[in-house]
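Asker: In case you want the letters, here they are:
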Amino acid sequence: MRVCFTFLLLLASLSHADTRPQLTNDERTNGKQILADVEPTLPAARASVAQIESPRGKPVATAVWVGVEGYFLTKASEVPELEKHRIRWEKDKTAAIREIRRLSSHDLVLAQAVHVQARTPVQFEATTPETAYGQWLAAPVKGGREIRIGVISAQTRRIQGFGAAMGIRMDDQPSKIPGVRISGMADESPAALAGLRKGDVLTALDGKAATSMKDVSALIQSFQPGDFIEVKYTRDGKTSSTRVRLASRTKIMMNWDGEDFANGGISLRTDNFAQVIQHDLPLSPSDMGSPLFDLNGHALGINIARVDRVTTFALPSSVFWKEIEPLIEADRHPPKALKPGDQVKDSSRTRQGLVKDSSRTRQGVVKGSR
Amino acid sequence: MMSRKLPHGACLAALLLAGGSFVAQAETLRAPLKELISVQMDVQSLLPKIRSAVVAIRTHDGTASGVIINAEGLILTAAHVAEKPGREMLVVLDDGKKVKATTLGLDKTTDAALMQLHDTDIIWPHVKLNRNVLSATPGTWCFALGHPGGFDQERGVVLRVGKVIRQTANALQTDCVLMGGDSGGPLFNLNGEVIGIHSQIWEERDHNMHVSMAPFLRSWDEMKSSLVIRVWDTGSGGYLGAAVNLNAAGKIEVLEVLKGSPAQQAGLLAGDIVEALETLTLNSAPQFSNAVRARAAGDEVMLQIRRGENAKEMRIKLGTRPKEDEG
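Top to bottom, those sequences are chains W and Z. Each residue of the first sequence is one higher than the one before, counting from 1372 in the working numbering. Each residue of the second sequence is one higher than the one before, counting from 16 in the working numbering.
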């Protein structure tokens, strides 16, 4: 039968748009054809990562192996309670996690996959290999199942921090009940995700009474994006409490009416970095923590924040590697790695460490923003 | 499905600058990567020359982008940025300097618009636009520049490299990802010529739409004289009045010629094989349709026709699409 594809020129309208020749998915920039060429140049890239899974089995961040005995780095603000998570590097291979050190200033956490040996670590360098605007880059995604490419899309620079936020507007008027009333809320704000609603009256945050908007703002500002904050509130005369997972103020202010076609969402913490490489790789928030490579296979740094539809930030290795390497050495000598049968320590201790750490960072933020 | 125009309501905070330099990939790379590296070298050698022509535009309620295309300071942007002729707007240059411009005409049917910088005494940095509209075929490498989220001196103009996914009569779709604030910014080919102006995004990552150069070239004089094009019959391009299909031999065959149409007046007959339009060899019906519609009404096109054993050239003056056929 002859294929008859009639096209009336005078009626050609938008309805014909879909019949026009179109580049297949495989032929696109991040299609199978180009990726098949890129992958052999990065033999170790996909094996260099693992997925961090929440207690419910949801991938929340990516780990990059940095030492043979299961040492890894990931994005700290995505995993405030890291030891409640598991790490998965193959379909049927998972391990418990021991947290070693949180570096809130870089939004990184060093940890170890318990009883795991012989992972191939990424060779980061204290001096990041030279990079340039327009240069191709690659990174493993989906826990190492695939690779993506993109280019350096803007100037390498410092990203100032503007602190954490819950995504609420508060009332100036004193309400009958002592506390601060929520008068408005950002779309999918941390407050909304924790179950708070417009009209709720906040009575205490982090165990301290909420008496004025100023107090509440100052208290929230003392936390880091990604931290949990305990919130007591009253609704219809009934008192309840919830835990709010804070996000970057910048992220909330830029997306008050919802994330603008961000494709898979954006990271909780998107600012306060000493230096970032900005690129256009199509990554998701759960890909953060993965290493970023040039096409010669050199590791340049770690993907640290999915910011919006067109932007991902990566920390160059020069920012963090000098601090990480001694931490691994110190942990290894004397060895602190758990022996088979040891219990993973309770995660409540880690949370205290986190709060202390963040208050230190806050001073830096305040000073830096003036 | 939802689509969204791209001006942006909010501005990014100012950040601290750390400079970057241009270096090529020095080490030897596997042969298959030659294509990527050649794209990178082209983009990196073009960027310093063309970035000063890319501007941010402050509209009354947001920020957008644009590109200067001649020494007198004529700017191409999107119609939903300009909104109407005679509007004064602030333009931010690559170095952060702020100047003023006024909107000229626009084509609301395709989202194309022109603006004029006020100071015409200085020589403005500018880029060329691509006049061979049909050259931006699917698979062509391209790159987008713009100011997503608004102008940010420390960040600089934002680059995205990708490919043309689809070409229609008045638009291009690419996998260069865009967002709010990019509207009106330029899409370049690897010769550094403007092939598109950022217009719309859809929800998926590869749904990035740019106005092609066709509406600009077609309605240049109208837009320069501050006219607003609102209806398709002036904005939709040339009209031939012939129905064609791809026959079993893979040739473009005329099925029907409409009474009183430019095609009939020129003597085109049902059964004729259209082999080429100007220098473009034809191999699909949509390609032929695009080539016709990318030209303006009143333009003359040369068709290479085969009628039985005979080959002949036919000159046809394109008309405007009859009103009753709209939609």
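Hints are computed from structural coordinates only; laboratory data are not their basis. Be aware that one or more of the hints could be misleading.
[As the list claims (entries may be wrong)] Residues on chain Z that point at chain W, a partial pick, calculated with CB under 7 Å: (1) 137; (2) 140; (3) 154; (4) 170; (5) 177; (6) 178; (7) 180; (8) 190.
All residues carry an ideal CB built from backbone N, CA and C; glycine is no exception.
Asker: Each hint needs a verdict: does it hold in this structure or not?
Answerer: Verification of the hints:
1. 137: Given a least distance of 26 Å, the restraint on residue 137 of chain Z is violated.
2. 140: The hint is violated - residue 140 of chain Z has no Cβ within 7 Å of chain W, the shortest such distance being about 18 Å.
3. 154: Cβ of residue 154 of chain Z sits 6 Å from chain W, so the hint holds.
4. 170: holds (5 Å)
5. 177: holds (5 Å)
6. 178: holds (5 Å)
7. 180: OK, holds: residue 180 of chain Z within 7 Å of chain W, min 4 Å.
8. 190: Holds. Min distance 5 Å.
When each numbered hint is compared with the structure, violations occur for hints 1 and 2.
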